[in-house]
Amino acid sequence: MPSVFLQNVKGQEGSSFLLFEDSRTHSGRLLLYALANQISERFDQFHVFTTELSPDETSSYIGSEVSSKLILHDIWTDPLGWNNPAEETDPLKLNPGSDFISRLCCRLAPSVSKIVVVIDTISSFLPYHTDSQMCSAILSLVTASERISDIQNVQVLGLLHSDLHSEKTVKALRYLATTQIKLSVEDPSLSTIRDAHGVFEILQNKKNGKVKRQKEVYRVDGNHHLELSVYDQQQKQENSHGNDAQPDPTANLTFNLTLKESERIAKEKVVLPYISNKDKSELVTPPGSGQIFYEPDDADDFDEEDPDDDLDI
Amino acid sequence: MAATMSTASGVKTSFQRKGKAKSVQIQGTRPSLHNNLLLVSTGVPSFDFILGGGLAVGSVLLIEEDTYGHYAQILLRYFLAEGIMSGHNLFLASASQNPQKILKMLPFPVEGDKLLAGDAKNDPTTSAGVEPMKIAWRYESLPKVEGNTPSHKFGHSYDLSRTVTPELLSRVITDTFYLPEEMKEESKSSPLYLCPTHQKLLRRIESQIRDGGYHLTDSVQSKQTPERTILRIALHSLGSPLWWDENSSEGIDTLTSLCRFLHALRGLLRNSLAVAVVTMPTHLLEVFTDVRRLERLCDAAVQIESFAGSEKETNPMYEEYHGLVHVKQLPRLNSLTLSTPDTADLGFKLKRKKFTIEKLHLPPEFSDSTSRPQEDVVLPSSSTGCSSIFQKRGLDF
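Those sequence lines, one after another, are chains A and X. Here the first sequence stands for residues 1 to 313, where the numbers follow the UniProt record's numbering. Here the second sequence stands for residues 1 to 397, where the numbers follow the UniProt record's numbering.
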């Protein structure tokens with residue numbers, strides 16, 4: 001079974017929004033950047049909005065092959081614009097003039113058609129915005145090709161700490177996502193990959209209405225390369241032993257339905273109770289060989305002749 | 001003599017069919033069998049049947065979207081495509097996708113080629129078709145019998161693998177509303193009782209109905225427009241996060257605004273030649289009672305549940321279907337009763353040329369194996385009344 005995750009990297013024609021949902025127990029940042037590195041190999045520019053990590057720390061996640069394409073939007077150093085009071089807008093606040101798309105355009109090189117945008121993290125923006133503002137900011141990024149003529153393909157990868165937000169907010173963002181990646185807390189040690197970093201569930205909503213759901217294990221090595229394998233095969237095998245086995249109706253019975261040949265013969269020999277003694281004696285003679293013994297007495301009017309010619313006396 | 005004639009004719013014509021005089025002749029419509037309402041087709045005949053023959057003109061249908069919104073959008077596209085085939089004008093609003101794109105993705109009618117060919121034939125040589133019949137002289141004076149052209153049928157079939165051609169699309173007037181573009185020009189209107197997004201949309205629909213001459217009360221005074229048609233209003237994913245507007249309208253929460261919007265829309269449509277289909281991702285609205293409120297504000301409400309990505313996809317009971325249709329509310333117009341379908345268990349399947357909604361039934365058992373696999377699956381882990389508790393998979397008596 002091929003990895004859905006890798007397919008996502010390979011053949012993605014239209015723009016899309018990948019939502020990474022992680023939690024305190026399992027950070028999704030490693031997976032997010034590993035995938036972003038792979039995608040941006042084929043893309044022209046690689047934008048990162050970083051809010052939780054310093055620029056240096058962020059660039060440690062970026063592979064050497066794509067570091068030349070990297071454009072870092074630093075929101076970590078001065079999130080609320082205190083260092084620069086002259087600036088009218090705060091970096092964390094997405095106003096009509098300074099949302100993702102307009103900040104992107106400021107640093108867009110000419111003749112750039114395919115860009116990767118990483119939002120690390122969406123959670124930092126959410127306290128300052130309503131759900132709808134956040135959604136429309138992301139949507140404007142995904143549909144940038146409609147407004148900016150050069151751009152053809154925008155891949156947006158957003159990280160969300162889903163345990164921090166209300167169900168309503170998370171659902172709203174999921175509604176926008178073409179691919180949802182949920183980092184799970186399951187133990188990856190059962191998988192085929194050695195020293196795996198974790199398990200995630202991927203849910204891909206294709207344009208033709210098909211939805212693919214798969215669990216995969218991932219490992220990121222020192223060169224930011226991603227190693228993946230499908231997770232649930234082992235589990236499936238376990239399940240097939242457990243659930244798929246046909247229920248055996250003869251298993252837990254108080255009587256025996258499966259008789260051996262010797263047992264069957266013994267059973268037939270048993271004389272059951274409540275059969276009258278006469279029947280029991282008859283049982284001795286083999287069936288089908290009945291005989292009539294008749295001794296005529298004097299009163300009998302015995303005729304030598306067989307009137308019907310059929311009695312065979 | 002004349003007097004007797006007049007009385008005789010008077011006797012003859014004293015019986016008048018009530019319906020015939022009243023009903024408006026608009027193409028692509030037919031009167032309902034139940035209550036003489038004017039109906040239009042949703043584009044899916046089996047869906048029409050469930051709704052009691054079709055959508056009544058002036059009503060609002062709510063389609064509650066499946067989780068990924070795919071099948072609900074297909075139904076919306078069918079609704080619009082049917083408008084093209086019946087010569088109805090279209091209005092499409094969307095927030096997440098450019099409505100122009102959705103219009104381009106409308107399914108191609110199976111009879112579309114014929115229709116286009118008919119157009120091409122009719123335009124240049126209208127006189128060529130009027131060759132008089134030469135069977136006998138007296139037939140010439142007979143009125144010409146119009147062949148039943150396919151465009152006047154009620155409900156058509158569509159090919160989902162093809163999309164409409166621009167020529168077909170240009171047969172009707174289309175207008176679109178793309179929220180991100182509409183919200184660019186900020187115009188603070190005075191007393192807000194709706195969210196700005198809903199306000200804008202409602203204004204737009206209002207002006208569409210007024211300017212297009214779909215309003216019924218207007219037309220009574222001015223009868224210049226002899227050829228009347230229907231406006232099909234399709235609102236895609238209304239109520240999705242993009243239509244929410246929590247911040248800019250103080251004091252009005254989105255849901256209240258949405259309810260007011262639907263109420264206003266329904267009132268607006270009641271006396272106009274328009275029909276609306278609204279799809280809504282109700283799974284994003286948290287509270288169940290909220291959804292009930294929205295359903296009550298529409299004339300009919302139907303929920304689509306897709307199996308894609310859910311556990312039911314692998315359930316053998318549902319293997320023939322792509323999803324379920326839950327009828328939440330049926331239209332109750334001009335009557336005390338409503339037409340109820342035979343069963344509430346409805347499933348839908350999507351083929352290349354057909355979207356059908358049918359009664360849900362078990363697939364026929366062809367295999368000779370004594371076990372019926374679905375019996376195990378339909379009741380997962382629910383221990384019913386007579387099943388024994390201590391043994392899970394034993395034989396139950």
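Hints listed in this document are in silico derivations from the structure and should not be mistaken for laboratory results. Worth double-checking, as some hints may not be accurate.
For each label pair, taking beta carbons as the anchor points, the in silico distance ranges come out as [unchecked claim]: (1) H326(X) x D56(A): 34 to 42 angstroms; (2) L80(A) x K104(X): 37 to 45 angstroms; (3) S113(A) x K354(X): 48 to 56 angstroms; (4) A344(X) x R24(A): 40 to 48 angstroms; (5) D187(A) x H326(X): 37 to 45 angstroms; (6) K114(X) x S113(A): 55 to 63 angstroms; (7) K349(X) x I265(A): 51 to 59 angstroms.
Using N, Cα and C, we set each Cβ at its ideal position, and we do this for glycine too.
Verification of the supplied hints:
Checked against the hint of 34 to 42 angstroms, the C-beta distance between H326(X) and D56(A) comes to roughly 54 angstroms, which is inconsistent with it. For L80(A) and K104(X), the Cβ-Cβ distance of about 44 angstroms falls inside the hinted range of 37 to 45 angstroms, so the restraint holds. At roughly 39 angstroms, the beta-carbon separation of S113(A) and K354(X) lies outside the given 48 to 56 angstroms, and the hint is violated. Our hint of 40 to 48 angstroms for A344(X) and R24(A) holds, since their Cβ atoms are close to 44 angstroms apart.
The beta-carbon spacing between D187(A) and H326(X), approximately 39 angstroms, falls within the hinted interval of 37 to 45 angstroms. For the pair K114(X) and S113(A), the beta carbons lie near 41 angstroms from each other, so the given range of 55 to 63 angstroms is not met. The given range of 51 to 59 angstroms is respected by K349(X) and I265(A), whose C-beta atoms sit roughly 57 angstroms from each other.
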